[in-house]
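Colleague: Using our numbering, you'd call the opening residue of the sequence shown number 1 and step up by one each time.
Derived from the structure by calculation, the hints contain no laboratory data.
Incorrect hints may appear among the rest.
What the hints assert, rightly or not - Subject to a maximum C-alpha distance of 30 Å in a straight line, what follows is the list of computed BS3-like cross-link-like pairs (lysine-lysine):
1) K212 - K93
2) K212 - K163
3) K212 - K21
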Amino acid sequence: MFTMQLVTVLLFCLIHLFAGKLRFLDAIPRSRWLSFAGGVSVAYIFIHLFPEMAEIQSTFASKDSTWLSLEHQTYFIALIGLSVFYGLERLIKGGREKQDAAQSKTVRYAFWLHLLSFALYNALIAYLLVHRQDDAEMGLLFYAIAMSLHFLVNDYGLRQHHKEVYRVYGRWILSAAIVVGWLLGRYLALNENIIHGLFAFLAGSIILNVLKEELPEERKSRFLPFASGITVFALLVYLH
Numbered sequence: 001m002f003t004m005q006l007v008t009v010l011l012f013c014l015i016h017l018f019a020g021k022l023r024f025l026d027a028i029p030r031s032r033w034l035s036f037a038g039g040v041s042v043a044y045i046f047i048h049l050f051p052e053m054a055e056i057q058s059t060f061a062s063k064d065s066t067w068l069s070l071e072h073q074t075y076f077i078a079l080i081g082l083s084v085f086y087g088l089e090r091l092i093k094g095g096r097e098k099q100d101a102a103q104s105k106t107v108r109y110a111f112w113l114h115l116l117s118f119a120l121y122n123a124l125i126a127y128l129l130v131h132r133q134d135d136a137e138m139g140l141l142f143y144a145i146a147m148s149l150h151f152l153v154n155d156y157g158l159r160q161h162h163k164e165v166y167r168v169y170g171r172w173i174l175s176a177a178i179v180v181g182w183l184l185g186r187y188l189a190l191n192e193n194i195i196h197g198l199f200a201f202l203a204g205s206i207i208l209n210v211l212k213e214e215l216p217e218e219r220k221s222r223f224l225p226f227a228s229g230i231t232v233f234a235l236l237v238y239l240h
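Model the full structure from these sequences, guided by the hints.
Modeller: Okay, structure coming up:
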């Protein structure tokens, strides 16, 4: 399992470091490969994340703890994760709309905030690579496939948003965050309830980050590759 985790972490890092060299992803309208990757990520949400969230909710419901007394805790935490990343996206868009010399400080602040949020996001994905609900090798393989393609889509979006500053700084920081998250996962075991809460937060964040890249009209997404991604991943899961 260690070897598979290490290979997965290296793959995650390589995607951020070298995805910018995949020029075919810059096609207009949107590359069919990005839409395919988005479809796989959406399929992963519905086939893996939602059932695992249901399992976590059952675990929470069986606990006799004050901080877990809120009904439907898992979905509430997932909603928080979705809302946090939606708020960050609105902030970044507001910063891009003010890109002039007088407001360059605001733009830089928005970039670093955006980068920090995705660094934490990447670290969390890598941490939960070690502490997943489904600890079987096949479960790890599906996680690796879905998150690799998710990173590819995220990297493309960040490169489009931040251009050269992302190439110089962003991709390296996000890759380092993946390694740090994985190492923390290997050597720092948090309370089970905290891990469940982190997973729920991540689930909500993934939902937002996947849909924001596929749904807006200006993305010019391709439906058939998107649907193909959903179909292929679903068949892999149900036929394994």
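Colleague: Are the hints correct? Go through all of them and say.
Modeller: Verification of the hints:
1. For a cut-off of 30 Å, the pair hint linking K212 to K93 stands: about 12 Å separates their Cα positions.
2. Among the hinted pairs, K212 with K163 is consistent with the structure: their alpha-carbon atoms are about 19 Å apart, no more than 30 Å.
3. Taking the CA atoms of K212 and K21, the gap is about 23 Å. The hint holds against a cut of 30 Å.
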